[in-house]
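Visitor: Working from the sequences, and respecting the hints, build out all of it.
Just so you know, the protein sequences line up as chains A and B, in that order. Under the UniProt record's numbering, residue 207 is the last one in the first sequence; the count climbs by one each step, no gaps. Under the UniProt record's numbering, residue 207 is the last one in the second sequence; the count climbs by one each step, no gaps.
These are computed hints drawn from the structure, not numbers from a lab. Careful: at least some of the hints might be erroneous.
Any copy, or any two copies together, can satisfy a pair, since identical chains are not distinguished.
[Stated by the list, open to error] No more than 30 Å apart at the CA atoms, straight line, and that leaves these computed lysine-lysine pairs for BS3-like: (1) K22 - K161; (2) K117 - K18; (3) K117 - K46; (4) K46 - K161; (5) K96 - K18; (6) K46 - K175; (7) K200 - K22; (8) K175 - K117.
None of the values given here were measured: they were computed from a predicted structure.
Protein chains: 2
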Amino acid sequence: MKTEGMTEQEINERHAEKMAKKKAARDKMIATKTKEGGLLMVHTGKGKGKTTAAMGLAARAIGTGMKICIVQFVKGAWETGERKVLEHFPEQCVMKAMGEGFTWDTQDRERDVTAAKQAWQYAVDAMNDEQYDMVILDELNIVLRYDYIPLDNVIETLKNKRSDLHVVVTGRNAKEELIEIADTVTEMTQIKHHFRNGFKAQEGIEF
Amino acid sequence: MKTEGMTEQEINERHAEKMAKKKAARDKMIATKTKEGGLLMVHTGKGKGKTTAAMGLAARAIGTGMKICIVQFVKGAWETGERKVLEHFPEQCVMKAMGEGFTWDTQDRERDVTAAKQAWQYAVDAMNDEQYDMVILDELNIVLRYDYIPLDNVIETLKNKRSDLHVVVTGRNAKEELIEIADTVTEMTQIKHHFRNGFKAQEGIEF
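Guide: Shown next, in the form of C-alpha cells:
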C-alpha cells in the first residue's frame, strides 16, 4: 500500500475499505463451501515439514476429539519427539512403526518389501476400522516410489475409502495417480536449508 | 528402475548396490555437518501446513524436553485443536494469542497495529528470556506485510537473537529480508485444495 503523504487517519480509512472488500469476497467464497467429509490430503515436495505438518494435523485432530492411527512406513527405528507427545493420548492415538529406517540404511530390498507389505496391510485394516477418524500414512510415497507395494492397489483402496475418513499421505515424489485422486496436495519446497550452512541434524528439530 | 526381464534376485542385488552408493554419499554429506545451535526457520507460501508444521515442531521440541513459547500474531480468537493438546504441557509450553482474528474480520487498522506491537514486544521479551529454547512467531509475516510493525526492527532483533535459541516464523509472503537471514525457509505450495472442490472448513482439519 502506497502511503506516502497520507495522514494516519487516511491510511486507516483506506485500510478499512480494502479489508471490507476482502471480507465480502471471502464471505461469498465461503458460502459456496458446504461439503463435509473425509479428505485425502497429500504432503509432498523436497522441503522440510511434510511429516511435521502431519504430526501437527494429528495434534489438531486429537484436540477436537478424533481418534487417529499413524502408520510409519520407513522411519520405524526413529524415536521422535512428537511420538512422546502423542503417547500422552493413548485413547485417541495409535502409532505403528513398520519400517526399518530409511532404505539406504538397510540396503536389503527383500526385507524392505516385506516390511512395506505388512505396513500396508495394517494401514488397510486401520482405514476399514470405523473407530478411526483419521489415518496418517507417513512416508507412503517413498515406498510407492520404490515399487515395494503395487500402486494400483493403493490408489484403488484410497479411492474407495470410507467417505467420513480423513487420510494423510506424506513423502517426497508423490505419484501423479495419487495427486489426481487427492482432495488437497501441498508441496513443501525447500528454498533454503540449514544443512547447507553446515548445521547438523539436532534433537528437537530433526528428530 | 527398469526391471524388465530381471529376476527378483537381480533386482534385489541392483537395489543393494544403488542404496550402498546413496548411503556413502549421504554419510559423506553428514560428516561435513558439525554446527549446532539455534536456527531461524521460516514457513511461508500459499499452501496449507505453515502453522500446522510449526505446531508439529512444537510437539517435537516438547517431546525432547525443550521449553517453548508460541506467540500468535493474528489468530487470537481461534480455538484450535492443537491448543488443547499443547495445554497438556503447561510446564513446557506457553501460548500467547495477541491478535484479534484475521484482519478482514476486524477492519480496524489502529486496533490491529496496537495488538501487533504488543505481540511483538511480548515476543522480544520471550526471545530474551533464557528459559525458552524455542519461540514460535505464528503469522508474523502477515503483520509485517501490512507494515503493522517496522521490518528493520524485526530483522535486527532476529539477527541478534541468542545463538542457542530456535525461532520459527510462519505466514505467507515472507519478506525478502527475512528469507535472507533465515537458516531454513520452506515454501508450502498449494497444488490442490479441497476448498476448490466445495469442501468447507472442518473441525479437526482447519481448526
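Visitor: Which earlier hints turn out false for this structure, listed by number in ascending order?
Guide: Result: hint 1 breaks, nothing else.
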